[in-house]
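S.K.: Generate the whole structure from the sequences, applying the supplied hints.
Protein chains in written order, with our numbering: chain A, 1 to 157; chain B, 158 to 314.
Hints are computed from structural coordinates only; laboratory data are not their basis. These numbers were taken from a predicted model, which means no experiment stands behind them. The C-beta atom is built at its ideal place from N, Cα and C for all residues, glycine as well. Just so you know, not all the hints are guaranteed correct.
[Stated by the list, open to error] Capping the alpha-carbon separation at 20 Å, the derived lysine to any residue pairs in SDA-like fashion look like this:
no.: 1; chain 1: A; residue 1: 123; chain 2: B; residue 2: 266
no.: 2; chain 1: B; residue 1: 278; chain 2: A; residue 2: 106
no.: 3; chain 1: B; residue 1: 278; chain 2: A; residue 2: 1
no.: 4; chain 1: B; residue 1: 199; chain 2: B; residue 2: 219
no.: 5; chain 1: A; residue 1: 110; chain 2: B; residue 2: 241
no.: 6; chain 1: B; residue 1: 267; chain 2: A; residue 2: 118
no.: 7; chain 1: B; residue 1: 267; chain 2: A; residue 2: 125
no.: 8; chain 1: A; residue 1: 110; chain 2: B; residue 2: 267
no.: 9; chain 1: B; residue 1: 267; chain 2: B; residue 2: 241
no.: 10; chain 1: B; residue 1: 278; chain 2: A; residue 2: 109
no.: 11; chain 1: A; residue 1: 71; chain 2: A; residue 2: 48
no.: 12; chain 1: B; residue 1: 280; chain 2: A; residue 2: 114
no.: 13; chain 1: B; residue 1: 267; chain 2: A; residue 2: 107
no.: 14; chain 1: A; residue 1: 121; chain 2: B; residue 2: 266
[What the hints assert, rightly or not] The following residues of chain B were derived to be distant from chain A, with all beta-carbon distances above 12 Å:
no.: 15; residue: 182
no.: 16; residue: 198
no.: 17; residue: 207
no.: 18; residue: 208
no.: 19; residue: 217
no.: 20; residue: 219
[To be verified] Distance windows between CB atoms, simulated:
no.: 21; chain 1: B; residue 1: 267; chain 2: A; residue 2: 3; range: 13 to 21 Å
no.: 22; chain 1: B; residue 1: 182; chain 2: A; residue 2: 126; range: 45 to 53 Å
no.: 23; chain 1: B; residue 1: 240; chain 2: A; residue 2: 57; range: 41 to 49 Å
no.: 24; chain 1: B; residue 1: 240; chain 2: A; residue 2: 50; range: 26 to 34 Å
no.: 25; chain 1: B; residue 1: 179; chain 2: A; residue 2: 27; range: 55 to 63 Å
no.: 26; chain 1: A; residue 1: 70; chain 2: B; residue 2: 263; range: 17 to 25 Å
no.: 27; chain 1: A; residue 1: 56; chain 2: B; residue 2: 161; range: 38 to 46 Å
no.: 28; chain 1: B; residue 1: 263; chain 2: A; residue 2: 57; range: 34 to 42 Å
Protein chains: 2
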Amino acid sequence: MLSQTAEYALRAIVCLGRRFNEPLSTQRVAELTGVPTDYMSKVLQALGRHGLVRSSPGRNGGFLLVHAPEKMSILDVVDAVDPLQRIEHCPLNPKVKHSDLCPLHRELDKAIATVREAFAKCKVSDLVGGKEHQSLCTLVGKRGRPAAALKGSTRRR
Amino acid sequence: MLSQTAEYALRAIVCLGRRFNEPLSTQRVAELTGVPTDYMSKVLQALGRHGLVRSSPGRNGGFLLVHAPEKMSILDVVDAVDPLQRIEHCPLNPKVKHSDLCPLHRELDKAIATVREAFAKCKVSDLVGGKEHQSLCTLVGKRGRPAAALKGSTRRR
Numbered sequence: 001m002l003s004q005t006a007e008y009a010l011r012a013i014v015c016l017g018r019r020f021n022e023p024l025s026t027q028r029v030a031e032l033t034g035v036p037t038d039y040m041s042k043v044l045q046a047l048g049r050h051g052l053v054r055s056s057p058g059r060n061g062g063f064l065l066v067h068a069p070e071k072m073s074i075l076d077v078v079d080a081v082d083p084l085q086r087i088e089h090c091p092l093n094p095k096v097k098h099s100d101l102c103p104l105h106r107e108l109d110k111a112i113a114t115v116r117e118a119f120a121k122c123k124v125s126d127l128v129g130g131k132e133h134q135s136l137c138t139l140v141g142k143r144g145r146p147a148a149a150l151k152g153s154t155r156r157r
Numbered sequence: 158m159l160s161q162t163a164e165y166a167l168r169a170i171v172c173l174g175r176r177f178n179e180p181l182s183t184q185r186v187a188e189l190t191g192v193p194t195d196y197m198s199k200v201l202q203a204l205g206r207h208g209l210v211r212s213s214p215g216r217n218g219g220f221l222l223v224h225a226p227e228k229m230s231i232l233d234v235v236d237a238v239d240p241l242q243r244i245e246h247c248p249l250n251p252k253v254k255h256s257d258l259c260p261l262h263r264e265l266d267k268a269i270a271t272v273r274e275a276f277a278k279c280k281v282s283d284l285v286g287g288k289e290h291q292s293l294c295t296l297v298g299k300r301g302r303p304a305a306a307l308k309g310s311t312r313r314r
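M.R.: Now the structure itself:
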């Protein structure tokens with residue numbers, strides 16, 4: 001339902017949210033989220049352009065969240081990289097406005113609205129969990145071991 | 158939220174549903190739905206493979222719905238061409254089962270489940286409307302004039 005870019009952006013935000021105030025390099029975020037580094041680099045740049053992450057310079061620099069995890073929703077992240085757009089005009093005829101959509105596009109738009117509402121309600125803080133809580137399945141653990149180290153493992157931390 | 162293929166398949170099914178028992182050629186369906194003929198040909202073939210449409214041979218042959226519009230849902234159509242799949246395993250670790258998904262993928266799966274439920278409830282008969290009802294915005298009218306003939310028109314029938 002979501003594009004790969006949106007999925008990767010969400011993984012990155014959850015990863016950074018779990019380490020709020022701890023800068024992480026692109027490579028480290030890529031490792032922890034199981035995303036190719038080049039792809040993650042583009043995703044982080046897009047999130048940066050939309051003011052969701054920033055980079056801190058220096059030897060121990062890296063990417064950080066701009067806002068606290070409780071101030072950011074799934075929808076903010078999705079809309080930054082691949083907007084989940086309502087159907088404002090019928091795709092078959094741009095002159096047909098939202099209020100006059102045909103039954104098919106009205107129904108599809110209703111589903112989009114429902115998803116947007118659910119995603120707006122779910123904050124990043126709901127996804128990063130507490131100390132005992134896993135994030136991103138077994139990949140992002142307390143010690144932040146990279147995906148490769150856990151390959152094939154079902155151990156939960 | 159839906160792929161272009163799923164959107165085009167839905168337009169085709171609504172178009173055929175409005176003319177239940179009246180065979181329509183690929184080109185006619187393409188015209189009435191505003192979809193390139195080659196693309197619509199592939200969509201109709203996929204719908205045929207999944208038993209949602211069938212072709213009748215002969216001079217006046219063409220595509221027909223296999224089931225009555227009230228027996229087919231949006232979900233049936235979407236799942237035939239581009240399934241809206243639940244997240245059964247964490248994309249980051251296939252060994253993590255549905256019941257153990259991380260908070261992010263649990264949330265995404267919940268949204269997919271909600272959309273699937275809404276799409277399953279909405280039948281094609283809800284989309285084709287009655288005699289006075291428009292289908293597919295202004296494109297598919299009573300006389301079934303092709304999209305090109307209505308280009309730029311906001312007239313509703």
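S.K.: For each hint, tell me whether it holds in the structure or not.
M.R.: Going through the hints against the structure:
Using a Cα cut-off of 20 Å, the hinted pair residue 123 of chain A and residue 266 of chain B holds, with the two alpha carbons roughly 16 Å apart. Straight-line distance between C-alpha atoms of residue 278 of chain B and residue 106 of chain A comes to about 14 Å, which keeps the hinted pair within the 20 Å bound. A distance of roughly 18 Å separates the Cα atoms of residue 278 of chain B and residue 1 of chain A; the hinted pair therefore holds under the 20 Å criterion. At most 20 Å may separate the alpha-carbon atoms for a hinted pair to count; residue 199 of chain B and residue 219 of chain B meet this at roughly 14 Å.
Of the supplied pair hints, the one linking residue 110 of chain A and residue 241 of chain B holds, its CA atoms being roughly 16 Å apart against a limit of 20 Å. For the suggested pair residue 267 of chain B and residue 118 of chain A, the alpha carbons sit about 9 Å apart, so the restraint of at most 20 Å is met. Simply put, residue 267 of chain B and residue 125 of chain A have alpha-carbon atoms about 17 Å apart, close enough for the 20 Å limit, and the pair holds. The straight-line distance between the Cα atoms of residue 110 of chain A and residue 267 of chain B is roughly 16 Å, inside the 20 Å bound, and the hint therefore holds.
Only pairs whose Cα atoms come within 20 Å are accepted, and residue 267 of chain B paired with residue 241 of chain B is accepted, the gap being roughly 12 Å. The suggested pairing of residue 278 of chain B with residue 109 of chain A holds, with an alpha-carbon distance near 15 Å, which does not exceed 20 Å. Taken as a hint, the residue 71 of chain A and residue 48 of chain A pair is honoured in the structure, with Cα atoms around 16 Å apart against an allowance of 20 Å. Of the supplied pair hints, the one linking residue 280 of chain B and residue 114 of chain A holds, its CA atoms being roughly 19 Å apart against a limit of 20 Å.
For the proposed pair residue 267 of chain B and residue 107 of chain A, the alpha carbon gap of about 19 Å is at most 20 Å, so the pair holds. Distance restraint check for residue 121 of chain A and residue 266 of chain B: the Cα-Cα separation of roughly 15 Å lies within the 20 Å cut-off, and the hinted pair is therefore satisfied. Look at residue 182 of chain B: its CB is around 19 Å from the nearest CB on chain A, clear of 12 Å, so calling it non-interface holds up. For residue 198 of chain B, the non-interface assignment is confirmed: its Cβ lies about 19 Å from the closest Cβ of chain A, beyond the 12 Å cut-off.
With a cut of 12 Å on Cβ distances, residue 207 of chain B stays outside the contact zone with chain A, its closest approach being about 19 Å. The claim that residue 208 of chain B is not at the interface with chain A holds, since no C-beta of that chain comes within 12 Å of its own (minimum 21 Å). Separation of residue 217 of chain B from chain A is adequate, the least Cβ-Cβ distance of about 26 Å exceeding the 12 Å criterion. For residue 219 of chain B, the shortest C-beta to C-beta distance to chain A comes to about 21 Å, beyond the 12 Å cut-off, and the non-interface label holds.
The beta-carbon spacing between residue 267 of chain B and residue 3 of chain A, approximately 18 Å, falls within the hinted interval of 13 to 21 Å. A C-beta distance of roughly 51 Å is found between residue 182 of chain B and residue 126 of chain A, which places it inside the suggested range of 45 to 53 Å. Against the hinted window of 41 to 49 Å, the Cβ-Cβ separation of residue 240 of chain B and residue 57 of chain A comes to about 45 Å, which satisfies the hint. Checked against the hint of 26 to 34 Å, the C-beta distance between residue 240 of chain B and residue 50 of chain A comes to roughly 30 Å, which is consistent with it.
Roughly 60 Å separates the CB atoms of residue 179 of chain B and residue 27 of chain A, a value that falls within the hinted 55 to 63 Å. Separated by about 18 Å at the C-beta atoms, residue 70 of chain A and residue 263 of chain B satisfy the suggested range of 17 to 25 Å. A hinted range of 38 to 46 Å holds for the C-beta pair residue 56 of chain A and residue 161 of chain B, which are about 40 Å apart. Distance hint for residue 263 of chain B and residue 57 of chain A: a CB-CB separation of about 36 Å, consistent with the stated range 34 to 42 Å.
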